[in-house]
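Can you make the complete structure from the sequences, with help from the hints?
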Amino acid sequence: MNTKGKTQLLIAAGIVIGIVIGSGIATQLLGPDSASNTSADSRGEPLYWVAPMDPSYRRDEPGKSPMGMDLIPVYEAGASEPGSVLISPDVINNIGVRTAAVKTGQLESRVNTVGYVRYDEDQLVNVEPRVEGWVESLTVKADGDPVTAGEPLYTLYSPTLVNAQEELLLALRRGNQALIDAATERLRALRVPSDFIEALRESRELRQSITVNAPQSGVISGLQAREGSHVRPGSAMMSIAVLDQVWVVGEIFERQLPLIDVGDSVVMHLDYLPGRRWQGQVDYVYPSIDNQTRTARIRIRLPNEDRALKPGMFAQLSISGREGREALLIPKHALIRTGDGNRVVLARGEGRFKSVSVTVGIVGDRQVEIISGLEEGDHIVTSAQFLIDSESSKTSDFRRMDHDHDDADQPQRVLVAATVVNLMPEHRMVTVTHEAIPEWGWPIMTMDFTISEAVDLNALREGADVHVEIARLADGQYQLSAVHGNEHGQQQQQDDASHEEQH
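Number 502 marks the last residue of the sequence shown (numbering that gives the first Met the number 0); no jumps.
The hints are simulated quantities; they were obtained by calculation from the structure and are not laboratory data. We put the CB at the ideal spot given by N, CA and C, even for glycine. Mixed in with the good hints there might be a few duds.
Stated by the list, open to error - Simulated restraints on C-beta separations:
(1) Glu-197 x Val-248: 35 to 45 Å
(2) Gly-348 x Ile-370: 20 to 30 Å
(3) Glu-135 x Ala-177: 27 to 37 Å
(4) Pro-145 x Asn-111: 31 to 41 Å
(5) Gly-348 x Arg-275: 46 to 56 Å
(6) Leu-205 x Ile-288: 49 to 59 Å
(7) Pro-424 x Thr-103: 53 to 63 Å
Shown next as structure tokens:
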């Protein structure tokens, strides 16, 4: 498909989506007491008209949107429940709305996560010198080199070891058994091999360097030493790891921790070996949480005789945890997760929907535990819920914006600076952009208000900067109750007076 064809297809898709959203959702905000008939005749005259693709574009008469689409009428909602939306049956079918009942049950115990193959640290041996010296020769050259127990690793020259040999030879010449035993124990404490000590006692010949052998079979890991390197006691030279058994360290979210315990069955598979599965058990649950990823770690031990598992590999884990407690459960895909909380779309019946906040407990692979916000038997939307939630959130009562404050402690009226964006005198409505209102926890916003009968509409005009009084009504709605000054008009009068004085 050429570029022109793709562009036409995208424009057509956008128009279709806009029509569906505008005609089906954005224009039908009704409360529980409203009739379910969505025809224009049953709802009286429209309050205003909005653009299908941009509900913030409002006019007090029919017309065209900036995209050339017909404006959609918005009707009087009556005694509506804040945040509820009414969707006609044909739109429900077109956008694929599906619902499910909130049920009580046991949260599924299976947890799917990822992990990484690592060396078995219980069998990891560090090779470190106990004396100061210099590495004269190195048998192993790189990480991953295989070694066998007793095989030479490196030779070391150390003045300390030379002095310890001289003490043993001196004790042997004097024939003092106590000194011989003390000198022998000192060499052993410095990790000199027993065969080297026996050869020294027999030959009575001092050696300038000592060969250090591998303490176990395995592979070299973390090689730090090089020929000619200067080492000190405690210097990390290398480690020897085994591959006959490995660890797999998995990561799980902290909210899934109650589902996991030592002994739980684990099935593991790797992308590079499709079809093969490893069976194991949770061997250990680490006691801390990663501060960056907010995940906990678990450990699984797996045999690896064929060396198919290599440290650093990425693995997929499926953990069969213990059964959860009885709880309210919803499908995981019905949950809407946002930065300021979790929500679901509640189906009220007869085409009515409302976005509600919920408190979430344990999140499983396919189910979510609900602590509060829903009751058993409620029906929630499981598909197209993001579309409905988007419209419901625009019309929700403003108490959700300041849920941490008690309404009784807040003022019922506030005075705020604002700019008139659009005036609809026939319907006594106005669109203003107001400054932040700290008393109510409102940020700077562009909002629609009904205008009190006590306000003179001549005090308002589009583009004017004014100070308005906003009142919270008993039903939770908000109204522009007074206009205390027209800064734009005052400035214009001052400019006109100044101009007359000059002339």
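- Can you name, in rising order, the numbers of the hints this structure does not satisfy? none
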